[in-house]
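Can you make the complete structure from the sequences, with help from the hints?
Protein chains in written order, with our numbering: chain A, 106 to 732; chain B, 283 to 581.
Derived from the structure by calculation, the hints contain no laboratory data.
Since the structure is predicted, the reported quantities are computational estimates derived from the model, not experimental observations.
Among these hints, one or two may not hold up.
[Unchecked claim] Okay, the calculated beta carbon distance ranges per label pair:
| hint | chain 1 | residue 1 | chain 2 | residue 2 | range |
| --- | --- | --- | --- | --- | --- |
| 1 | B | GLU566 | A | VAL117 | 37 to 43 angstroms |
| 2 | B | ASP295 | A | GLU149 | 49 to 55 angstroms |
| 3 | B | ASP542 | A | GLU149 | 24 to 30 angstroms |
| 4 | B | ARG302 | A | ARG151 | 49 to 55 angstroms |
| 5 | B | ILE484 | A | PRO159 | 52 to 58 angstroms |
| 6 | B | ASP295 | A | ARG151 | 22 to 28 angstroms |
| 7 | A | ASP146 | B | LEU481 | 25 to 31 angstroms |
| 8 | B | GLU459 | A | ARG151 | 51 to 57 angstroms |
| 9 | A | ALA722 | B | GLU570 | 46 to 52 angstroms |
[Said to hold, decoys possible] Sample of chain A residues at the chain B side, in silico, Cβ under 7 angstroms:
| hint | residue |
| --- | --- |
| 10 | ARG135 |
| 11 | SER140 |
| 12 | PHE143 |
| 13 | TRP144 |
| 14 | ASP192 |
[To be verified] Every beta carbon over 10 angstroms from chain B, so not counted as near; a handful from chain A, in silico:
| hint | residue |
| --- | --- |
| 15 | THR145 |
| 16 | ALA229 |
| 17 | ILE237 |
| 18 | GLN271 |
| 19 | SER304 |
| 20 | GLU307 |
| 21 | GLY367 |
| 22 | GLU512 |
All C-beta atoms in this analysis are idealised placements derived from N, C-alpha and C, irrespective of residue type, glycine included.
Letter by letter, the chains look like this.
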Amino acid sequence: MGILNPAALPFVSLLGVLILIYLRQRTRTRIEVPSLLFWTDVPEDRVRSRRFRPDLLFLLQVLLLLLLIGGLLHPYWSRTVTETRGDRQILVFDLSASMQARENGVRRFDLALDQAKDVLHDLAPLDEVMLIGIAARPQVISGFTTDHRLVLHRLESLRPQDTGTQLELGIELALVQRDRAGRQAQIHVFTDLPANQLSLSETQQQVLTYHRVGETDDNMALASVHVYQNPFQDYSQAQAYILVRNYANRTKTATLRIELNGQAVFQEVFSLSANNTRSFSLGGFTGPGQLAVHLESEDALAVDNHALNWVAERRSTQLVLVSPATHLHQELQQLSQALPGVTLRSTRPEDFSPTQVGEQDVVLFHQFVPDEAVPANSLYIFPPVENSLFPVLTEAADLTILDWNDEHEILHNLQYVEALPFRQARILALPSWAQVLISSKTSHGEIPLALTGERDGHRIVCLAFDIGAGNLTDSDNLTLLVLFLNALRWLRPPNPLDPHLLPAGDVFFLPTDAPLDGARLSTPQAEVQVLEADTVPLDRAGIYRIEADTYRAELYANLFDEAESNIGRQIANEIAPSVSSGVRTSPEAVQREIPVEFGQSLYWLAAFLLFGEWLYALWRSPLEGVS
Amino acid sequence: MSLTDPAFFKQLDRLRMRVRAARGHRPGETSIPRTSQAWGVEFESYKDYSPGDDFRYLDWNAAGRLDQLVVKTFTAEREIPFHLILDTSASMGAPVVDEKFTHAVDLVTALSYIVLSSNNTLRIAALSTPPHPFLATPFLRHRNRFLRVSPFLETLTPSGKTYLRESVQSYIRQTREPGVVILVSDFLTRPAQYEAALLFLIARGYEVKAIQVLGESELRPERLFRRGKLYDVEEQTERWVTLSRANLEKYHHALSSHCDALQQFCHRHRVLYTRLSSAQPITETVTETLAQVGLVTPH
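What follows is the structure, given as structure tokens:
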């Protein structure tokens with residue numbers, strides 16, 4: 106016996122309120138009689154006897170209130186029940202791209218599906234089943250249920266995806282579910298991955314029943330398709346690199362066909378020996394557009410034989426220089442002449458206005474920081490002591506570079522960062538929106554020499570040191586030049602019409618300012634869906650298109666995953682897959698206590714009591730001579 | 283049946299007030315027993331002729347047989363003045379559930395109808411609280427004046443203390459027509475009060491009839507409460523009482539003592555007394571109870 110809702114206990118205080126109401130009513134209520142003439146012989150009550158004495162109506166009301174409060178408390182009594190329950194089974198199903206590989210014309214996915222159906226078929230009626238599907242992300246398709254037909258239906262509605270797999274994560278999820286259930290559950294894993302390719306402990310492996318499908322290694326795949334084209338190059342200077350790998354243990358012949366905007370620009374029949382790789386390069390494109398690469402090969406897996414990329418059109422960029430120094434203008438003039446598509450416009454700080462720049466410009470502020478926000482990506486060089494953007498703590502000289510973030514795009518492929526020429530620098534307090542690109546160290550501790558970040562939707566780079574006269578074009582300071590050009594490339598706004606290149610299985614996040622209302626998504630399977638979230642999971646390889654009123658985007662999802670393409674996965678010392686013993690335990694009879702709530706009954710009782718109380722009050726009221 | 287029922291008034295038409303000794307000065311239709319007069323309708327007796335008697339009433343047949351002059355005498359018929367005095371003190375309205383005052387008003391209405399139907403004069407007086415000790419109608423004659431009764435009675439509400447003696451004395455001093463006084467009250471006042479009032483009426487030559495109206499809650503207070511604060515609506519005093527069995531017995535003893543004292547007083551002074559319960563239907567009260575005690579009688 107207990108209560109499920111102790112929060113209702115304070116309502117017991119209503120009994121006090123009821124007593125107060127009665128006391129107040131009693132002191133105020135009097136019974137009118139024509140005369141006290143005949144009552145003079147009747148002894149008057151003493152004070153003690155005038156105390157509150159509950160009458161039947163009061164007792165009924167107390168009981169009614171207690172019943173209502175009792176109902177709110179959700180009282181229960183415990184009942185011991187004996188339940189018959191079966192085993193628990195968790196089916197973990199691999200939905201990755203390699204499951205599309207065909208074994209003698211039948212997909213591995215279908216083979217695994219048959220095995221899973223067999224497991225389902227062998228289950229006792231009281232056995233509970235959970236279904237977990239795993240591709241790029243694990244997902245519980247069906248919770249524990251004894252409805253095996255439902256699980257079968259869900260199982261048959263599964264489709265393999267064009268992504269890699271996180272099988273270990275899915276097994277972890279199954280293990281968590283197994284432990285959470287408080288009862289032992291058997292985990293069945295249906296995959297084409299060898300068990301010893303998973304980093305699972307022996308204990309974990311022991312609780313798994315592994316159903317591995319697939320033997321063939323007959324696959325050739327596009328290992329990568331890369332178009333190298335820096336922002337200053339046009340489409341004719343772009344160079345495409347295609348890497349083809351033969352994962353089979355025999356020589357295979359294939360045809361590589363490349364199309365630009367649907368027009369074939371390259372085709373070659375070639376042979377590739379076992380486990381060998383060949384690269385192709387292609388340049389001299391006649392126009393910008395979609396680059397589709399097709400590998401025509403008689404192999405088991407088709408999804409990795411196609412890839413998409415993009416040859417971009419060069420866009421002109423205006424570099425706006427705002428500097429009090431003239432030498433920088435001259436040096437940038439020389440640079441812009443060497444950089445195709447870059448034009449230079451200079452202005453003095455006192456003449457600068459944010460309205461002079463456009464969204465597609467890159468603004469270079471030298472020894473100057475405007476008070477107002479600039480609606481473009483900006484590079485700040487040696488900001489003045491008093492400025493609104495970068496708080497300057499002090500100045501320092503003879504600094505040496507301590508560390509740098511070589512993961513950042515600006516410092517990619519940049520060697521000899523230590524060779525940057527500077528004599529003095531301003532010690533800046535790092536703004537909250539920025540991260541350190543290059544750092545040094547003084548007595549104040551680590552200080553940023555260069556920092557990057559995004560503010561109000563625009564990229565910002567700041568160099569705390571000054572570029573001395575002639576340093577930018579001096580062949581001795583090549584590091585500075587590369588750093589400068591990398592910064593310009595990073596700051597150059599992308600063409601919003603260019604497609605986004607993403608690996609299959611990734612998730613595309615829509616920009617925060619993109620409107621979601623009425624946005625539609627068309628998938629590689631030509632399905633059109635209403636976009637309900639600001640993320641698009643790319644489960645299939647191909648082209649996704651997002652269309653909204655003021656926003657459009659094209660996404661190219663490619664599968665370049667060696668783990669998926671290498672469908673043979675012949676690994677030495679492979680552990681033999683464990684096989685379900687087939688021995689079934691009889692249904693287990695367990696006793697447990699379950700709470701049986703009877704709050705509802707109290708409500709009904711209260712309703713009957715209320716009716717009785719009403720009848721009583723009705724009977725009593727005509728006799729009342731009270732005022 | 284009620285006062286709104288024509289059938290009830292047909293029953294009332296068959297009743298008349300029974301008068302023992304009272305008489306008025308004006309000729310009327312009410313026979314005065316044991317009182318004769320020289321003219322009339324109903325023959326009563328003979329008497330020896332004496333000079334001055336009307337020759338028209340000489341009985342010549344008797345004179346031939348007896349050789350003596352005798353004249354006929356007739357039963358006297360007079361118009362009786364009735365005074366219906368209603369107690370309107372607050373005690374008549376409490377407790378509300380008893381509807382004691384309503385019952386008393388209905389009773390006065392029914393009696394008024396009987397009085398006026400018998401071509402007697404009627405005056406209704408409502409006893410009130412000094413300095414206006416009573417409210418009264420003018421003398422009403424003939425049954426068509428009955429229409430003025432109800433509007434007068436409807437203006438009355440029970441309120442104030444009972445000043446039975448003062449109010450009765452005040453009313454009687456302003457009227458010179460002796461007759462029958464019917465006092466309708468609960469008589470829930472000290473004996474000195476009602477005794478003084480009744481004795482004053484008797485001394486003035488009125489034929490007095492006392493009707494005591496009590497409510498059901500007065501007769502059975504356990505229906506009203508079990509425990510509580512009693513409030514005297516006239517004296518405006520309170521008393522906490524628990525209605526135990528012993529207390530209930532004490533109450534009944536006090537009530538019966540009071541009623542018995544009133545009854546004995548009335549008996550001693552030849553005052554017709556009856557006690558009515560407000561729970562009794564008014565038709566039953568008038569046609570049965572009042573007839574049994576001799577207040578009314580069939581024609």
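Evaluation of the provided hints:
{"no.": "1", "hint": "B:GLU566 x A:VAL117: 37 to 43 angstroms", "in the structure": "violated, 55 angstroms"}
{"no.": "2", "hint": "B:ASP295 x A:GLU149: 49 to 55 angstroms", "in the structure": "holds, 52 angstroms"}
{"no.": "3", "hint": "B:ASP542 x A:GLU149: 24 to 30 angstroms", "in the structure": "holds, 25 angstroms"}
{"no.": "4", "hint": "B:ARG302 x A:ARG151: 49 to 55 angstroms", "in the structure": "holds, 52 angstroms"}
{"no.": "5", "hint": "B:ILE484 x A:PRO159: 52 to 58 angstroms", "in the structure": "holds, 54 angstroms"}
{"no.": "6", "hint": "B:ASP295 x A:ARG151: 22 to 28 angstroms", "in the structure": "violated, 59 angstroms"}
{"no.": "7", "hint": "A:ASP146 x B:LEU481: 25 to 31 angstroms", "in the structure": "holds, 27 angstroms"}
{"no.": "8", "hint": "B:GLU459 x A:ARG151: 51 to 57 angstroms", "in the structure": "holds, 56 angstroms"}
{"no.": "9", "hint": "A:ALA722 x B:GLU570: 46 to 52 angstroms", "in the structure": "violated, 36 angstroms"}
{"no.": "10", "hint": "ARG135", "in the structure": "holds, 4 angstroms"}
{"no.": "11", "hint": "SER140", "in the structure": "holds, 4 angstroms"}
{"no.": "12", "hint": "PHE143", "in the structure": "holds, 4 angstroms"}
{"no.": "13", "hint": "TRP144", "in the structure": "holds, 6 angstroms"}
{"no.": "14", "hint": "ASP192", "in the structure": "violated, 70 angstroms"}
{"no.": "15", "hint": "THR145", "in the structure": "violated, 7 angstroms"}
{"no.": "16", "hint": "ALA229", "in the structure": "holds, 70 angstroms"}
{"no.": "17", "hint": "ILE237", "in the structure": "holds, 73 angstroms"}
{"no.": "18", "hint": "GLN271", "in the structure": "holds, 80 angstroms"}
{"no.": "19", "hint": "SER304", "in the structure": "holds, 85 angstroms"}
{"no.": "20", "hint": "GLU307", "in the structure": "holds, 84 angstroms"}
{"no.": "21", "hint": "GLY367", "in the structure": "holds, 102 angstroms"}
{"no.": "22", "hint": "GLU512", "in the structure": "holds, 91 angstroms"}
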